[in-house]
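Residue numbers (the working numbering), protein chains in the order written: chain C, 1 to 445; chain A, 446 to 919; chain G, 920 to 1096.
It is worth saying that the hints were derived from the structure and are not from the lab. Hints may contain errors.
Claimed, not checked - Cut-off 35 Å, straight-line C-alpha distance, at most; resulting in silico cross-link-like pairs (DSBU-like, lysine-lysine):
id: 1; chain 1: A; residue 1: Lys741; chain 2: C; residue 2: Lys283
id: 2; chain 1: C; residue 1: Lys346; chain 2: C; residue 2: Lys283
id: 3; chain 1: A; residue 1: Lys741; chain 2: C; residue 2: Lys349
id: 4; chain 1: G; residue 1: Lys1006; chain 2: C; residue 2: Lys133
id: 5; chain 1: A; residue 1: Lys741; chain 2: C; residue 2: Lys346
id: 6; chain 1: C; residue 1: Lys346; chain 2: G; residue 2: Lys947
id: 7; chain 1: G; residue 1: Lys947; chain 2: G; residue 2: Lys1073
id: 8; chain 1: G; residue 1: Lys1006; chain 2: C; residue 2: Lys349
What the hints assert, rightly or not - Cβ-Cβ distance ranges computed for the label pairs, FRET-style:
id: 9; chain 1: G; residue 1: Asp1071; chain 2: A; residue 2: Arg808; range: 53 to 63 Å
id: 10; chain 1: C; residue 1: Val196; chain 2: A; residue 2: Ile487; range: 57 to 67 Å
id: 11; chain 1: A; residue 1: Leu689; chain 2: C; residue 2: Gly344; range: 42 to 52 Å
id: 12; chain 1: A; residue 1: Val815; chain 2: C; residue 2: Val110; range: 52 to 62 Å
id: 13; chain 1: G; residue 1: Glu1082; chain 2: A; residue 2: Pro456; range: 18 to 28 Å
Backbone N, C-alpha and C fix where the C-beta goes; we use that ideal spot for every residue, glycine too.
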Amino acid sequence: MAVDTGGVYDELPVRRFEGRPRGGLLLGVALVVVGAIAIVAALASDPARAWRAYLANWLFFTSISAGAVMWSAIVMMARGLWSQPVRRIQLSFVAFLPIAWLLFLPLLFVSGKYIFPWSAGFVGEVEHIPAGKALWLNVPFAITRNLVLFTVFVAVALAFAYWSLRPDLGAAKSDTSGAVRRLYDRLTGGWRGTEVEEVRASHNSATLAPILAILYALSLTIIAFDYVMSLEPEWKSTLIGGYFFADALLAGLSVTAVATLAFRRALGLQDLVLPENLHDLGKLHFGFNVVWAYLFWAQFIVIWYGILPPEQSFVIRRFSGPYSPIAVTVLLCLFVIPFFGLLGVKPKKTPATLALFAAVTLVGFWLERWLLVYPSWYHGELATPLRIGWQEIGTFLGFAGLLVLSLLYFASRFPMIQLWRPMAELELLGDVVENPTAGAGVDEA
Amino acid sequence: MATVIRSETHPAIGSYEEVNHDILRLLSRPGRSYTILLAVTIALVITMFTAWGVQIVLGIGMSGLRNPIGWGVYITTFVFWVGIGHAGTLISAILYLFRARWRQSIYRAAEAMTVFAVMTAGLFPVIHVGRPWLAYYLIPYPNQRMIWPNFRSPLVWDVFAVGTYFTVSATFFFIGMIPDLAAARDSAVVPWRRRLYSILSLGWRGTNWEWKNFTRAYLYLAALATPLVLSVHSVVSWDFAMSLVPGWHSTVFAPYFVAGAIFSGLAMVLTLLIPIRKIYGLEAYFTPRHTEAMAKMMLLTAMIVSYAYACEAFVGWYTFEAAEQHGGYLLFGATGEYWWSTWLMVTCNFFVPQLLWFRSVRRSFAAMFVITLFVNIGMWFERYSIIVVSLSHEYSPWMWNQYRPSLTGMLIILGSFGWFLMWFLLFLRLLPAVSVAELKEVLPAPLRLYRRPRAVEETTRRPPVRGRGTEENR
Amino acid sequence: MSAEAGVLAIFGELDATITAIERLRAEKIRGITVFAPVPRHELEHALHEPESPVRIFTLVGGLTGAATGFALATWTSVDWPLITGGKPIISLPPFVIIAFELTILFGALSTVAGLFINARLPRVRHEVVYDPSFSAGKFGVHVAAPAGRENDVKNILRESGAEEIRERPTEVRVGST
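Given only the sequences and the hints, what does the whole structure look like? Please build it.
The following block contains the structure:
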C-alpha cells in the first residue's frame, strides 16, 4: 500500500513518566545500596574474586546496553519501518553507557593484576606466555586502546541519541514545564522549525549511525581481545571479537524485549506497541538466537577439529569438569529453549511468552559472559567450587540497580516512543500521507 | 474510473497488465546481438571442454598443480562460483523474510544466477579430481569394498552442503516461477512456447487456495533457504579451516566466507543486471533505488570482510608463532612473492568499496558497474590468496614451493564464465526474468473507491507516523 | 468443478472483489473460489480460510531429514569403523552438519510435496473454470452451484462492481494445450 492515511495521529503520543516513578526509583536505589555493600565486602575479603565478579558483570551490562543502543542505529540504517514503536526504548539504554564508562575506569586502572595473567604481579597461577607478546600484552597499551575506543564509542552514541531525540523534544516542548522544560530548552537550542530540524536530524543520525556501528565493532572487539582472549595468553581465536559483539546484539534484543514489555505496561503503550510489533521483535530475536548458535558453532568446530592443545584448552576448560553444566545451560538458554519457544507466531505476539524467552536468553547471556572469563582464572583444581556466590550476585544487583535508575532517568524525561521519522523512511512510506486527491504520487486514470 | 496510486518503489509502472506486457515481451525471438553473444558463450564452453579433455588425456599435471600446492585455481574458482550464488538466495529468501520492498523486480534474475553459479561451481571439483568418471565416489554410497564416505571429512560435508544448496535453490527458483509461467502461458502466441509454459506452469490458475498454499510453502522454503545459505559457504570455508595449515585454521573463516560470498554475489548481480536493464529497456523495473540498496549491502559485507582481514592479520601476528607469522596469506602474502595477489584483494575488497559511502556513487549505474567489476576480480583473488599463498608456505620450510596457474587451467576458468553466461542468456529468453506476480505485490492494487475496504485498513495499520507536511495538509 | 459450473464474475479492482466476497459470505453463500493475479492478504482475510497444512509437511520433512542425517552418518561409521584424524568413530560435531543439511533438504522437498498435494498441482487433464486475464490483472469470483440462488449471486456480484458476469462459464484445460 503506497498510501497511508491511517497513521497520522491528531495528538502526539508523548509517553513518559510524569513526575517520579517512586516504586522504580526505590527499587533502583535499594539495588545499588545492596550492590555497593556486596562489592565493598568482596573487596575486603578477596579482592581478586571481587574484581573478577566486577569484570563479568561489567561485560554483561555493557554488552546489553551497547547492543540495545546499536539496534536503534541498525533499524535506522536498515529503514526498519516496523521498529518505530521500539527504537526509542532501545535508545534509552544509552543512559547507561556513561555509567558503563565510569565503571570501566577502575577496571582499567586498578584491577589489572587481578585480571590479566600477563600483567606484573598477577594474583593467581601464571601461565606460559610466548615471548614477544609483551608488545601487545602490556598494561599501559591495554589501558590506552580500550579507553580510547570505548570513550569514542560512548561519545558517538550520545551524539546519536541527541540527534534522535532533538526533533521530538522540540515537538513536545510545549507540553512540559519545570526542570524538564529547562532541559528541553537547553537541548533544543537554536531550534529552526520542525521541518528543518527533522531534515537535520535525519541527516546527522544517518551519518552517525554507521560510524557508531564501526566503533561498536572495534571497541567491543578490543574488549574481547583483552578481557576474554588474553586471559588465556596462549589461546587465540580470530572470531572472538565478532562473536563477542554479535552476541551482544542478541542480548540487546532480549533486553529490548523485556524493557519494551515493562514500559508497555508502566506507560500504557498498548495502543502504540502492537502485537505485530512484538511479532517482528520476536522474529528478530529468534533469528539472533540462531545467529548466536551459528557463531558459537563456527568457533567451536574449528577448535574441536584442530585438536591443537593451546586452542583446545579454552574449550576443554569450559565443556568439561565442573563448568560443563553451566556450558550446557548456556547452550540451552541462548539457543535451544528460545528456538523452540519462539518458533510459532503466537509466542512471539504474546507479551508473556516473549518476555519469558527473552528473559531466559538474558540468563543464558549472563552465564555466558561469566563462562567466558571465569574458567580462565579458575581451572584445574581451582575450578571447584563454582564461583557464582554472593560476590557475583551482589555485584550483579548493584549494576542492575544502576541500569534501572538510568532507564528511569531517561524515561521520566524523554518521550519513550519516537515521534518523528527519518526522511528516508517517509520516502519509503510513500510520503503521500497528504491529501490523496492532490500531489505528485497520485493521478486519476 | 479507478484511482491509480503510483507505487513508491516503481513509480513508472502504472498497472498490473503493464507488468505482464513489459516482462513477457522478453519471451520472444531474440535479435542478432543476442544470437552472437550466445554463440560466443557456446564457443567458450567448447574451449572449456576441450581444455578439460586435454587435461584428462595428458594428466592432471596439465593443471600446474604440484606438491605442496594441491589446490590451485580450480578450487579457487569453485569457491568463487559458490560464493556468487549466495547473493541470489540472499535477495530471494533472506530479504523476503525481511520484507525488503526493493527485491521484487530483481530477485528472479538473482535466483537464476544462483542456480547457474552453483551449476558452474559443481564442475570444478570434478575437473579438479582428475578422473571425472569416478565422481560418484562423492555421493554417499558404499563405493568399493563396501566403504562409505568418511563423514568426518569436511569434503563430504561439502558434497552434502553444495548438493542440498543446488537442489533447494533450483526448487525455490522453479516454485516461485509457477504463477509467472502461468502468465506466460496465457499470453504466449507461439505454439511451442505455449506448450512449454503450459507444462511448466502445472495448471496454475491463481485461485485463493492455490495462493494460500503457495505463499505458505514459499515462506517455509525461504525460511529453510536462509540457514542453508549460511551453512553452505561456512562448510566451504571449513574445507580450509579444519586443516592445520597456517592461515587456514581460523575460527573467523565461516562468517568471513559467508560475508565475502554475499559481497561477491551482489557484485555479480549488478554486473549482470546493469547491462540487461539498458539492453532490454527495463528502466522502470531496475531503478537507482535498487543499486543503492545493493550498494549498501555490499558496503556492509565489504566492511565485514575487511574486519576479517584485520582479525586474521592481527591474530596471525599475535600468536608469535613463526608459521602463522610467516605463512598466513595476509601477513606473508602482503610481502612475499604473491604480494600482487594479496594487494589486489585488499584494494578491490576494501579500498574500492569505500566509494560506496557516497550516495551519488551508489545511485550511478556506470559507477556501480565499474566498482562491481573490481569486486569480482578482488573476490577471485581473495580465494586465490587464501588457497595458494597458505599452501605454498606450510610448517616445513623444505616443502615450500611456488605455483603458477597453467594455460589449461586458465582456459577452463575462462570457459566457466561462458558456461555460466550461456545458461543465463537462455534463461533471459525462455523464462520470465522478472517476477510478474511478486512485482504486483509492491504495486498498489487497483481500487474502485479511494476509501479502502476495511480489510485493507486492518492489514496496513501502522504505528504513528507524523509525516513531514502534516501541518500543511491537515 | 462440477457440471453445474455456477457463476463467474470478473473484477478489475481489489476492493470491489472484497466487497463481493464479504457480501456473498454475509448471505451465507458457500463454494466461493477467488482468482487473483497476485496474493493479497486482504483477500485471505475476507475469505476466512483455514490455515494451510503445508507447515506440517515442512516440519515432518525437516525432522525426518535430521534423523536420517544422524542415522546415515552413525550407521555407516559403525559399519566399517576406521579412525581418521584422531576423531572418535561416532563424532557428533561433524554429524550435526550432515544432519543439518539433510534437515533442510528433506524439509524443502516435503514442503514442495505439501504444496502440490494441497493445491492439487500439477493439474494436467481436468477441465476447469478459468480466464487468462486472471494472470494479468483481473480478479475473479466463481460461485459454484448456487442452488437456486443464481439471481441473488448475480445481483451481489453486479452490485459489487463486476465488469463481466458469466453463467455456466466454459471450462478449459490449463495444464496442457
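Taking each numbered hint in turn, which are not upheld by the structure, reported in ascending numerical order? 8
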